[in-house]
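These protein sequences, in sequence, are chains A and B.
When we follow the numbering used here, the leftmost residue of the first sequence carries the number 1, and every step to the right adds one.
When we follow the numbering used here, the leftmost residue of the second sequence carries the number 1001, and every step to the right adds one.
Hints were generated in silico from the structure; no laboratory data involved.
Treat the hints with caution; some may be incorrect.
[Stated by the list, open to error] DEER-style ranges, computed between Cβ atoms:
#, chain 1, residue 1, chain 2, residue 2, range
1, B, Leu1042, A, Leu130, 49 to 59 Å
2, B, Ser1193, A, Lys123, 36 to 46 Å
3, B, Gly1165, A, Gly127, 46 to 56 Å
4, B, Thr1020, A, Val209, 18 to 28 Å
5, A, Gly126, B, Leu1042, 13 to 23 Å
6, A, Lys123, B, Pro1216, 41 to 51 Å
7, A, Leu130, B, Ser1193, 48 to 58 Å
8, A, Gly127, B, Gly1157, 26 to 36 Å
9, A, His52, B, Gly1196, 18 to 28 Å
10, B, Thr1020, A, Glu195, 55 to 65 Å
Every residue, glycine too, gets a C-beta built ideally from N, C-alpha and C.
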Amino acid sequence: MIELRGLTKRYGATTAVDDLTVTVRPGIVTGFLGPNGAGKSTTMRMVLGLDHPTAGTALVNGKRYAEHRDPLRQVGALLEARALHPGRTARAHLQALAATAGLPRQRVETVLDLAGLTSVAGKRVGGFSLGMGQRLGVATALLGDPATVVLDEPVNGLDPDGVLWIRTLARGLAAEGRTVFFSSHLMAEMSVTAEHLVVMGRGRLVADVSTAEFIRRAGGDAVRVRSPRAGELAGLLTGPDVTVESPERGLLLVTGVTAETVGDRAAGAGIALHELAPVQASLEEAFMALTHDDREYRTQEQPS
Amino acid sequence: MTTSTPQEQAAEKQPPTGGTTGLLGGEWVKTRSLRSTWNVLLGALVAMVLLGLLFTSTAESGGPGGNGGGPPGADFAQPLTLSLAGYNLAQLALGVLGVLLVTGEYTSGTVRSTFAATPKRWPVVLGKAAVLGALVLVASLVAAFAAYAVGAAVTDGMPGLGADGVLRVVVGTALYLTAIAVLGTALGWLLRSTAGAVAVLFGLVFLLPVLGQLLPASWGPDVTRWLPGQAGGQLLQLSTAPGTFSPWAGFAVLVGYVVVGLVASVVRLRSRDV
């Protein structure tokens, strides 16, 4: 369980995280979405007690991180790719942390095996690929068998195998009753991994909804209708909250009514339909729309 | 993943943390697992012995080692001083080792997992200092005794270990090097940058004493004797010149620098974002 209450972080005039209040519950994967620069990593560092909040609190499993006597058993984190010394072997990296946390040596071998790194455990990390480095980062996060797992952009640099591995792992950890807080700037990845979404833009909370709800909202209720008597049909559909657009001759884009309603009204008036389909706005588009004004970096829009 | 749920795990009542033993053990693993640690220690040891051999074996042929030249307070005609003079080079190598053990955590990013494992942070500062200090003390004791033995083998005038102050000088060389290495870790914590910390270390130990010689003779020595290398170096002198610290008082000044550096590191780390 992660509880953020009014969490704020300012760097001079820049507000990286602005009054963020969110509860990340155990038992599910919570996706943490936002464009680059939205404040996701800063938030995660504050959860880990690495950065100090300007205001507000971040509690993990009921306490501030630094108040835990057994922090690695409470929270495991993959904060950034390559927080690894290139001159050290994968095994030594884990052994040092295991010793500090008083974890049994066997635990090191368990997480190496879990991450598929046993065969390269004695190799220096400097020679690792980005994906192997990420796997070692995940192994590090799981070392203390923690109740809460924080993963910052864990799929970055992973091949499709690795992505699938992370997804399965995250869901498995949640199914064991753990809190899994998983950040990404990839909406598509989040929609298949996370059950709940926390969306940030420019340091502020933009959405805190279930993934299903987010998808429903994203899909909207637009209906695409193609008919030779489109103009006539448009007249039948008018009503409060209904908008009808005709991007081309014979084609209508209707929002505010369901496809069933459109079909029934058309049938009632004897109007032939050549196409009738609910339109699924892509999740990426929905995400972009949601954070449109909140992206810190974006390309200049072309004047149309 | 393991089969135990977090709830079952809590019921196992494992010790909550590794405690002091775990912290020192973790720092030891980090220190020993880097090849550079052993390269620097071996390099410092070999350099001390070989330079001692060079200076003692050539002392007869004139020059500073042969006719009593050199800076005031340093008796370069003394075979003991000559045999241990390699410490000048070793201190730079060991000081840089101390810097690198800390700044390496920042440049690689491992400092985040280090502080995630020990959120109080100050134990890490002391743990690293203790582990490195112990390692450097052992290595430089070996180096100092080896350099002394080699010097004694090639020169007739070497005083015995039982002679007044000799054992203090040999052991003191190791203590001095240990203090400089630990000072390196403090500079690493304070500056977080390898280049910056090495520059400050080099300046304190090598450059400021040279510049200090350009100060007026009336008060310059009163200033330079407080420099860490000058003060701590008194422990390496058989006889101390007037106007300088006594051996142990001088070493205490050096230890003072180390303590201030470590305390400043702890204070700085407490409030700083990682």
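To see whether the hints hold, each was checked on the structure:
1. B:Leu1042 x A:Leu130: 49 to 59 Å: For Leu130 of chain A against Leu1042 of chain B, whose Cβ atoms are near 33 Å apart, the range 49 to 59 Å is violated.
2. B:Ser1193 x A:Lys123: 36 to 46 Å: Since Ser1193 of chain B and Lys123 of chain A have Cβ atoms about 28 Å apart, the given range 36 to 46 Å is violated.
3. B:Gly1165 x A:Gly127: 46 to 56 Å: Holds, at about 51 Å.
4. B:Thr1020 x A:Val209: 18 to 28 Å: violated (46 Å)
5. A:Gly126 x B:Leu1042: 13 to 23 Å: holds (21 Å)
6. A:Lys123 x B:Pro1216: 41 to 51 Å: Given a distance of about 59 Å, which is not inside 41 to 51 Å, the answer is violated.
7. A:Leu130 x B:Ser1193: 48 to 58 Å: violated (25 Å)
8. A:Gly127 x B:Gly1157: 26 to 36 Å: violated (53 Å)
9. A:His52 x B:Gly1196: 18 to 28 Å: Given a distance of about 23 Å, which is inside 18 to 28 Å, the answer is holds.
10. B:Thr1020 x A:Glu195: 55 to 65 Å: violated (42 Å)
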